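There are 2 protein chains.
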Amino acid sequence: MTHPTPHLNIGLFGFGTVGEGLHEVFEKVRIKDAEIRRICVRDLSKPRSLPAPMFTDNPDDIFADPAINLIVELIDDAESSYKLVRRALEAGIPVVTGNKKMLAYHLEELIELQARTSTALLYDASACGSIPVIRNLEEYYDNDLLISVKGILNGSSNFILSKIFNESMSYDKALRLAQELGFAESNPTFDVDGYDSLFKLVIITVHAFGSYVSPDRVFNYGISTMNDADIRFANEKRRRIKLVAQVEKIEGNRFIMCVMPQFITKDKYIYSVEDEFNGVVIKGECYGKQFMFGRGAGGHPTGSSVLSDITARLHDYKYEYKKRHGSTPPRYTDELSFQLYLRYTDEADRELFRFTDITERYWSNDHKYVIGKVSLRNLVEIQERLRGKDLFLAAYPEN
Amino acid sequence: MTHPTPHLNIGLFGFGTVGEGLHEVFEKVRIKDAEIRRICVRDLSKPRSLPAPMFTDNPDDIFADPAINLIVELIDDAESSYKLVRRALEAGIPVVTGNKKMLAYHLEELIELQARTSTALLYDASACGSIPVIRNLEEYYDNDLLISVKGILNGSSNFILSKIFNESMSYDKALRLAQELGFAESNPTFDVDGYDSLFKLVIITVHAFGSYVSPDRVFNYGISTMNDADIRFANEKRRRIKLVAQVEKIEGNRFIMCVMPQFITKDKYIYSVEDEFNGVVIKGECYGKQFMFGRGAGGHPTGSSVLSDITARLHDYKYEYKKRHGSTPPRYTDELSFQLYLRYTDEADRELFRFTDITERYWSNDHKYVIGKVSLRNLVEIQERLRGKDLFLAAYPEN
Numbered sequence: 008m009t010h011p012t013p014h015l016n017i018g019l020f021g022f023g024t025v026g027e028g029l030h031e032v033f034e035k036v037r038i039k040d041a042e043i044r045r046i047c048v049r050d051l052s053k054p055r056s057l058p059a060p061m062f063t064d065n066p067d068d069i070f071a072d073p074a075i076n077l078i079v080e081l082i083d084d085a086e087s088s089y090k091l092v093r094r095a096l097e098a099g100i101p102v103v104t105g106n107k108k109m110l111a112y113h114l115e116e117l118i119e120l121q122a123r124t125s126t127a128l129l130y131d132a133s134a135c136g137s138i139p140v141i142r143n144l145e146e147y148y149d150n151d152l153l154i155s156v157k158g159i160l161n162g163s164s165n166f167i168l169s170k171i172f173n174e175s176m177s178y179d180k181a182l183r184l185a186q187e188l189g190f191a192e193s194n195p196t197f198d199v200d201g202y203d204s205l206f207k208l209v210i211i212t213v214h215a216f217g218s219y220v221s222p223d224r225v226f227n228y229g230i231s232t233m234n235d236a237d238i239r240f241a242n243e244k245r246r247r248i249k250l251v252a253q254v255e256k257i258e259g260n261r262f263i264m265c266v267m268p269q270f271i272t273k274d275k276y277i278y279s280v281e282d283e284f285n286g287v288v289i290k291g292e293c294y295g296k297q298f299m300f301g302r303g304a305g306g307h308p309t310g311s312s313v314l315s316d317i318t319a320r321l322h323d324y325k326y327e328y329k330k331r332h333g334s335t336p337p338r339y340t341d342e343l344s345f346q347l348y349l350r351y352t353d354e355a356d357r358e359l360f361r362f363t364d365i366t367e368r369y370w371s372n373d374h375k376y377v378i379g380k381v382s383l384r385n386l387v388e389i390q391e392r393l394r395g396k397d398l399f400l401a402a403y404p405e406n
Numbered sequence: 008m009t010h011p012t013p014h015l016n017i018g019l020f021g022f023g024t025v026g027e028g029l030h031e032v033f034e035k036v037r038i039k040d041a042e043i044r045r046i047c048v049r050d051l052s053k054p055r056s057l058p059a060p061m062f063t064d065n066p067d068d069i070f071a072d073p074a075i076n077l078i079v080e081l082i083d084d085a086e087s088s089y090k091l092v093r094r095a096l097e098a099g100i101p102v103v104t105g106n107k108k109m110l111a112y113h114l115e116e117l118i119e120l121q122a123r124t125s126t127a128l129l130y131d132a133s134a135c136g137s138i139p140v141i142r143n144l145e146e147y148y149d150n151d152l153l154i155s156v157k158g159i160l161n162g163s164s165n166f167i168l169s170k171i172f173n174e175s176m177s178y179d180k181a182l183r184l185a186q187e188l189g190f191a192e193s194n195p196t197f198d199v200d201g202y203d204s205l206f207k208l209v210i211i212t213v214h215a216f217g218s219y220v221s222p223d224r225v226f227n228y229g230i231s232t233m234n235d236a237d238i239r240f241a242n243e244k245r246r247r248i249k250l251v252a253q254v255e256k257i258e259g260n261r262f263i264m265c266v267m268p269q270f271i272t273k274d275k276y277i278y279s280v281e282d283e284f285n286g287v288v289i290k291g292e293c294y295g296k297q298f299m300f301g302r303g304a305g306g307h308p309t310g311s312s313v314l315s316d317i318t319a320r321l322h323d324y325k326y327e328y329k330k331r332h333g334s335t336p337p338r339y340t341d342e343l344s345f346q347l348y349l350r351y352t353d354e355a356d357r358e359l360f361r362f363t364d365i366t367e368r369y370w371s372n373d374h375k376y377v378i379g380k381v382s383l384r385n386l387v388e389i390q391e392r393l394r395g396k397d398l399f400l401a402a403y404p405e406n
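Just so you know, the protein sequences line up as chains S and V, in that order.
Just so you know, we're using the numbering used here here: the first sequence kicks off at 8 and counts up by one.
Just so you know, we're using the numbering used here here: the second sequence kicks off at 8 and counts up by one.
Simulated from the structure, these hints should not be mistaken for laboratory data.
Be a bit skeptical, because a hint or two may be false.
Calculated cross-link-like contacts (lysine-lysine; reagent style BS3-like; alpha-carbon spacing at most 30 Å) [as the list claims (entries may be wrong)]:
hint, chain 1, residue 1, chain 2, residue 2
1, V, K396, V, K380
2, V, K396, S, K39
3, V, K35, S, K170
4, S, K35, S, K325
5, S, K296, S, K329
6, V, K380, S, K296
7, V, K396, S, K290
Distance windows between CB atoms, simulated [stated by the list, open to error]:
hint, chain 1, residue 1, chain 2, residue 2, range
8, V, R93, S, P336, 38 to 44 Å
9, S, R261, V, K39, 18 to 24 Å
10, S, R261, V, L51, 32 to 38 Å
11, S, E119, V, R93, 42 to 48 Å
12, S, D323, V, R93, 45 to 51 Å
13, V, R331, S, P58, 34 to 40 Å
14, S, K244, V, L57, 48 to 54 Å
15, V, A355, S, H322, 22 to 28 Å
A few chain V residues that face chain S, going by a derived Cβ cut-off under 8 Å, partial list only [unchecked claim]:
hint, residue
16, H30
17, V32
18, F33
19, L152
20, I154
21, G291
22, H322
23, G395
Note that the structure is predicted; figures quoted are calculated from it, not measured.
The C-beta atom is built at its ideal place from N, Cα and C for all residues, glycine as well.
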């Protein structure tokens with residue numbers, strides 16, 4: 008914090024919803040120590056809101072400009088993003104990125120690259136839009152008191168669920184509306200099948216517990232197979248279905264992670280997180296539950312989060328990954344059993360789940376469901392076989 | 008962030024609710040780089056939970072110990088706190104404090120003293136217990152997009168209001184219960200007459216807008232004169248009375264501040280902040296509303312917030328007061344008119360308020376009330392004359 012950077016000349020990659028949002032935020036805030044100098048886009052022929060000379064389609068034009076001392080990377084494609092970030096860090100140029108998929112797959116390596124090149128990579132905008140989750144986990148909840156981080160991390164799927172539960176809108180109509188309003192990812196399966204939440208959870212976990220866990224090792228299930236029977240069931244039980252991502256310490260200095268729908272009771276903070284908003288509950292010994300709530304998607308909210316990362320660079324801020332240097336960071340496990348609701352048609356599908364302690368079973372001409380205990384490890388193992396099947400699952404906590 | 012302090016040997020002043028809470032948090036978290044070395048208390052004869060040699064009643068024993076490189080000051084008395092903090096900073100020893108009254112009256116000068124001595128003073132625990140409001144305003148919402156900070160900053164008065172509105176408990180009984188549970192200040196008028204919220208608001212404003220405003224210049228009214236008629240009125244209007252502190256930018260690069268009860272509608276985030284919890288809504292251009300919610304009082308939550316300040320010192324963290332160095336920090340004004348509810352008996356009291364645009368008047372044998380526009384400046388001017396009078400006032404926003 009003691010060597011302020013004199014002036015930030017930004018090379019921006021990507022001018023989609025967030026890139027353009029960032030530019031508009033810059034216009035409003037009139038920061039005198041930072042400016043967007045050049046913008047690299049894929050398609051130069053698209054009409055733009057800024058003069059043509061601002062744009063290039065050649066990354067070399069950014070990297071060759073000696074005045075550019077910060078790269079802001081807001082492109083959609085994870086592989087291209089990865090290459091750009093590597094190239095920038097290796098050239099000693101700090102980077103701000105919002106690409107959660109890229110980070111979720113490459114963070115372990117990018118942490119090492121930051122250390123080796125002494126060059127900062129900031130990405131608070133990659134998780135929960137305008138809510139400063141990563142920064143707070145890194146700087147404020149920086150000790151062993153932390154127990155869990157749990158929340159609604161995807162605005163688009165939450166918007167769909169809100170429309171379904173509050174306005175009885177159909178799934179398809181709600182999805183189209185989310186896309187029209189600009190807070191769905193270009194690939195909707197990212198949102199509705201839980202991948203977006205999963206990627207964010209992987210990033211959050213690094214800052215919560217100091218451990219990187221590959222997304223491929225974490226159970227992840229979305230809301231795209233939810234049907235009227237599931238919605239009716241939730242309403243009967245006076246609960247709402249929410250897509251919840253969570254990482255939680257359990258005994259033996261271990262932690263579990265998962266992304267899946269949950270039936271949430273009214274007394275929970277996340278029950279009231281509506282529409283495209285995100286809500287995160289940070290729980291710790293001594294301080295109890297902290298709830299942070301805000302806009303999790305959209306050009307302006309995410310753009311303002313990117314801006315906070317940019318202005319942090321004015322003060323030479325970098326993540327220290329404090330918890331990775333702790334004495335014994337907790338380790339990932341999937342050894343946990345918990346209560347699950349499964350709606351299904353084919354008995355062979357149900358058998359995959361190896362239910363124990365069954366508390367409810369239901370059968371009609373129309374559909375079947377079962378509630379009982381399942382093992383998280385088994386879910387991780389069978390998760391690929393569940394794709395495309397006529398079933399829906401959701402955690403069913405006792406309260 | 009580049010010169011980590013090797014080991015923090017803490018001299019602790021005060022071993023009341025928060026001091027003892029901090030010690031218990033330390034026991035749980037087992038931080039290897041920091042320890043409480045010596046504790047200075049007023050009354051050595053009191054039975055303590057720690058061995059007697061840990062304690063002294065002579066501040067010189069702390070200041071004379073060359074190993075002590077951090078002072079944590081958690082005493083109740085603002086004047087003694089001020090002297091300790093000055094003495095420590097002048098000796099070049101960084102300080103963590105939780106004393107909001109001391110800060111609210113001396114922050115301007117203590118900012119200069121920090122600069123002159125290059126010694127850090129941290130005080131996130133002074134506002135909102137476990138919610139990192141100051142840190143986030145300083146580090147994350149560090150730009151001109153911020154519009155307002157508004158919230159419930161006093162857990163004790165909120166606890167009382169919750170018990171009154173949810174459980175129809177009497178004011179006196181609720182106050183006693185809050186004191187028994189340990190989240191009332193030793194002087195209850197601090198809580199229920201709004202001073203605690205006011206002091207926190209003054210500190211928050213420094214980090215929100217870069218300007219220090221003396222508490223004496225800010226309108227402040229509490230809940231201690233609220234009676235059954237006011238509660239009935241709120242219930243009829245389907246609102247709840249909450250004690251709200253707010254600082255808000257208005258046109259002309261100015262901001263207003265006030266602490267007073269408000270009739271809150273159900274759709275507001277702070278409507279649902281119950282019991283001893285605090286809730287803060289940070290509003291900005293582009294990112295909209297951010298809501299932060301958590302335990303605002305009590306030994307463990309506040310102790311864990313003090314711990315976050317302590318561990319921040321392990322990384323040489325200090326507040327940079329960034330917004331004070333901005334080009335044109337907004338300036339404080341009380342030129343604002345807004346809608347107020349006044350319940351009163353004496354017409355001469357009502358006249359003090361100089362109501363305009365009256366929308367409701369009520370008279371019965373029992374009590375009278377009026378709703379209309381008043382000027383914040385006039386309220387500041389008459390506020391001392393309102394003390395002890397048989398009346399109650401609360402902002403009555405149109406929605």
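Can you give the numbers of the hints that this structure goes against, from lowest to highest? 2, 3, 6, 7, 10, 12, 15, 16, 18, 20, 23
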